[in-house]
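A.B. asks: As a plain string of letters, each chain reads:
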Amino acid sequence: MTVDDRTGPAPVPSGPLSKIDYSERIPNNVNLADDRRLQRALEGWQPKFLDWWKELGPALPTKDVYLRTAIAVGRDGWAHFDHVPMEEYRWGIFLAEADPDRTVSFGKHKGQPAWQEVPGEHRADLMRLIVVQGDTEPASVEQQRVLGATAPSIYDMRNLFQVNVEEGRHLWAMVYLLHAYFGREGREEAEQLLKRNSGDIDSPRILGAFNEETTDWLQFFMFTYFTDRDGKYQLGTLKESAFDPLARTCEFMLKEEAHHMFVGTTGVQRTVERTAEVMKAKGGDATFEDGVIPLDVIQKYLNFQFSVSMDLFGSEQSTNAGNYYSSGLKGRWQETRRKDDHVLLEDTREMNYIEDGEIKQKTVPMLSALNLDLRDEYVADCANGVRRWNQELEDAGLDERLFLPHEGFNRRVGAYSTHHVSPEGEVIDAATWDSKHTDWLPTAADRQAVADLMVPVYEYGKFADWIAAPKTGINDQPVEFDYVHLAEEGVA
Amino acid sequence: MTQDSAGGLTWTREERPLWDADKVRIIGGAPAGAFVVSFADGEELPGEWWAARDGGGDVVGYGRLDTTWGGDAEILLAVASDRQARGVGSFILDRLDGEARTRGINYLRNRIREHAERDTVHDWLVVRGFRGPVDGDLSRRVGVEWSTPTRGPSRPAAERYDVADDPAGQAPGHEEQGGYVDVDEHRY
Chain A
-10 MTVDDRTGPA PVPSGPLSKI DYSERIPNNV NLADDRRLQR ALEGWQPKFL
40 DWWKELGPAL PTKDVYLRTA IAVGRDGWAH FDHVPMEEYR WGIFLAEADP
90 DRTVSFGKHK GQPAWQEVPG EHRADLMRLI VVQGDTEPAS VEQQRVLGAT
140 APSIYDMRNL FQVNVEEGRH LWAMVYLLHA YFGREGREEA EQLLKRNSGD
190 IDSPRILGAF NEETTDWLQF FMFTYFTDRD GKYQLGTLKE SAFDPLARTC
240 EFMLKEEAHH MFVGTTGVQR TVERTAEVMK AKGGDATFED GVIPLDVIQK
290 YLNFQFSVSM DLFGSEQSTN AGNYYSSGLK GRWQETRRKD DHVLLEDTRE
340 MNYIEDGEIK QKTVPMLSAL NLDLRDEYVA DCANGVRRWN QELEDAGLDE
390 RLFLPHEGFN RRVGAYSTHH VSPEGEVIDA ATWDSKHTDW LPTAADRQAV
440 ADLMVPVYEY GKFADWIAAP KTGINDQPVE FDYVHLAEEG VA
Chain B
268 MTQDSAGGLT WTREERPLWD ADKVRIIGGA PAGAFVVSFA DGEELPGEWW
318 AARDGGGDVV GYGRLDTTWG GDAEILLAVA SDRQARGVGS FILDRLDGEA
368 RTRGINYLRN RIREHAERDT VHDWLVVRGF RGPVDGDLSR RVGVEWSTPT
418 RGPSRPAAER YDVADDPAGQ APGHEEQGGY VDVDEHRY
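For the record, the sequence lines run as chains A and B. Going by our numbering, the first residue of the first sequence is number -10, and it counts up by one from there. Going by our numbering, the first residue of the second sequence is number 268, and it counts up by one from there.
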């Protein structure tokens, strides 16, 4: 079954332009000025956020950066580009336009008006969903804070900082919901979002992949391609939520998230393009000595980031995920375009599992397998980028190809977690895994060799040798545009 | 099937967990609201399940991880009614923590809002490192050594220090004035 078989055509975009109030200390389109108590609570959180940004945000000192800032939430002209000192970026609270006639589109409340307040019986579940989503946003900023020091170009550095400020804004989006709808507990959770830190032994970020170190720019591109894409799919399910403020928040976040996907897709593509160029010139494999990242190392990075991102979807079968759906809290990807009853009580689907050393299939209730449903959509989307990367190899006249590893490869969560599976999908024993896994996953030596290539290139329009220049710049600006003005201490 | 044993109890992973007679006895027999289970006899169960067995091979409890995301997991912990208060629950929780750690899970979560004995269960969880309101999400960091209360008679608090020399007068019976009572830690 393909994605297209299950969904109809895309809905026609709609919604008027809704201006954001920039005269307020916290820019917003939620009439914050009308709710003084909430406004004061958020203004109390703002300095803590700024302290966190200064301490754990981008480490490289900059004067200003050519950033996209949201100015409206309608389908046209929602963003404005300009040079902005990062610490003065207007992080704010923007929800997509309200639809007064919106109804719940799935689960046991299907057809009822969408909720404008949190129902008591779903309070804990909704808060948990928002906290987990919110926890990922600052986590990636923390993971990427030192990358500016090794940026392969000013163009790439600007993209990194754009991703960072928007992840910061997504944190604001979740904190707004916690403050506005969950009282004292919500405020406490908002504080915790700044206290958990990526990789912290005592208080790590909640999700596994958000505690992995971002060691270099190839990993950053893989992260934005694979791990941010998990975020896209989670936001896509929350966009369907019966809790309307959450749905509208996530709908707007998805607009910004698209740029993060773009950074990952094109970043890996340009890396592959440069490697392919060298391979073509040499008539054989490219090595680190050629100043580029060998294709087999790119494949290892791909294997790693894809597999840890697959774990983010949780176990294939989850009672909680089914309950979230039935309660109307979290839908499926493209819920309203699905061609079924949107209740799923009688539906089943096939699921892979391992028995007697073989991958087999069994039929399971659809409601219990919604994590798997979402993961399948994600995998199909991931494959698109790999095809694009392979086009670079094909265009260079090379036979080598990158590929997504099998869904069971290097998994720590779910049906495959107690087994070993090769990237090709062969079930293997522990001894084989131990002898082969360094062929499939980046070793410390691989990461060091990649890190050795990561020399900063701060001259406008110039790029590090290991990565090709992009075809076009940002917002119709030339590639050599002065996207970032470094502070003097940043240049030194 | 993987096995692990300690203190006379054995921890066994269920490769294809089913709603069977042992689960009906242990989970189905729990106080009202303790577990939300609505499975038919013989139905396959979502999530990862393990059984705790005594030396005679009888199932005395169950543990389950429901990994909604790849970072935290909701636990189910059930002990047969005639085996409670004998360390089976602590054994299961320790093993679930270990299983979570090998899966890269950072936090265990539990919810007891509907449990008929939720205050007692809340205390039990808080002593073992869980934090959170009785009517909300409780969570604890995976992989941290939480001090499990020792079994058997404990020394009276008065024997642990010289009450007469306590400058703040924080002797038993004066807890509410003493300021040394850490309710969260349950260390009085």
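Hints in this document: simulated from the structure, not taken from any laboratory. Among the hints, erroneous ones may be present.
[Said to hold, decoys possible] Here are the simulated lysine to aspartate or glutamate pairs, EDC-like style, with alpha carbons at most 20 Å apart:
1) A:Lys351 with B:Asp308
2) A:Lys451 with A:Asp435
3) A:Lys351 with B:Glu281
4) A:Lys43 with A:Asp233
5) A:Lys244 with A:Asp233
6) A:Lys349 with B:Asp308
7) A:Lys349 with A:Asp388
8) A:Lys37 with A:Asp88
9) A:Lys349 with A:Asp418
10) A:Lys349 with A:Glu339
11) A:Lys244 with A:Glu324
12) A:Lys349 with B:Glu282
13) A:Lys425 with A:Asp441
14) A:Lys269 with A:Asp388
15) A:Lys460 with A:Glu413
16) A:Lys97 with A:Asp114
17) A:Lys221 with B:Glu310
18) A:Lys349 with B:Glu310
19) A:Lys351 with B:Glu384
20) A:Lys351 with B:Asp321
21) A:Lys351 with B:Glu282
A.B. asks: Each hint: holds or not?
C.D. replies: Going down the list of hints, with the structure as the test:
Between Lys351 (chain A) and Asp308 (chain B) the alpha-carbon distance is near 18 Å, which keeps this suggested pair within the 20 Å criterion. A threshold of 20 Å between alpha carbons decides the hint, and for Lys451 (chain A) with Asp435 (chain A) the separation of about 25 Å lies outside it, so the pair is violated. The hinted pair formed by Lys351 (chain A) and Glu281 (chain B) meets the criterion: a straight-line CA distance of about 16 Å does not exceed 20 Å. Distance restraint check for Lys43 (chain A) and Asp233 (chain A): the Cα-Cα separation of roughly 33 Å exceeds the 20 Å cut-off, and the hinted pair is therefore not satisfied.
With a C-alpha separation of about 17 Å, the suggested pairing of Lys244 (chain A) with Asp233 (chain A) holds against the 20 Å cut-off. A distance of roughly 24 Å separates the Cα atoms of Lys349 (chain A) and Asp308 (chain B); the hinted pair therefore is violated under the 20 Å criterion. The straight-line distance between the Cα atoms of Lys349 (chain A) and Asp388 (chain A) is roughly 32 Å, outside the 20 Å bound, and the hint therefore fails. Taken as a hint, the Lys37 (chain A) and Asp88 (chain A) pair is broken in the structure, with Cα atoms around 33 Å apart against an allowance of 20 Å.
Restraint check: the Cα-Cα separation between Lys349 (chain A) and Asp418 (chain A) comes to about 17 Å, which is no more than 20 Å; the hinted pair holds. As the CA atoms of Lys349 (chain A) and Glu339 (chain A) are separated by approximately 10 Å, the hinted pair is consistent with the 20 Å bound. Taking the CA atoms of Lys244 (chain A) and Glu324 (chain A), the gap is near 18 Å; set against the 20 Å cutoff, the hint holds. Of the pairs offered as hints, the one joining Lys349 (chain A) and Glu282 (chain B) holds, with about 13 Å between alpha carbons and a cut-off of 20 Å not exceeded.
Restraint check: the Cα-Cα separation between Lys425 (chain A) and Asp441 (chain A) comes to about 25 Å, which exceeds 20 Å; the hinted pair is violated. For a cut-off of 20 Å, the pair hint linking Lys269 (chain A) to Asp388 (chain A) stands: about 11 Å separates their Cα positions. For the suggested pair Lys460 (chain A) and Glu413 (chain A), the alpha carbons sit about 34 Å apart, so the restraint of at most 20 Å is broken. Proximity of Lys97 (chain A) to Asp114 (chain A) is assessed by CA-CA distance (about 16 Å); at most 20 Å being required, the pair is judged to hold.
Taking the CA atoms of Lys221 (chain A) and Glu310 (chain B), the gap is about 34 Å. The hint is violated against a cut of 20 Å. Taking the CA atoms of Lys349 (chain A) and Glu310 (chain B), the gap is about 19 Å. The hint holds against a cut of 20 Å. A hinted pair counts as satisfied when its Cα atoms are at most 20 Å apart, and Lys351 (chain A) with Glu384 (chain B) does not qualify at roughly 38 Å. With a CA separation close to 32 Å, the supplied pair Lys351 (chain A) and Asp321 (chain B) exceeds the 20 Å bound.
For the given pair, Lys351 (chain A) sits about 13 Å from Glu282 (chain B) by alpha-carbon distance, which is consistent with the 20 Å threshold.
This entry does not satisfy hints 2, 4, 6, 7, 8, 13, 15, 17, 19, 20, going by the numbered hints stated previously.
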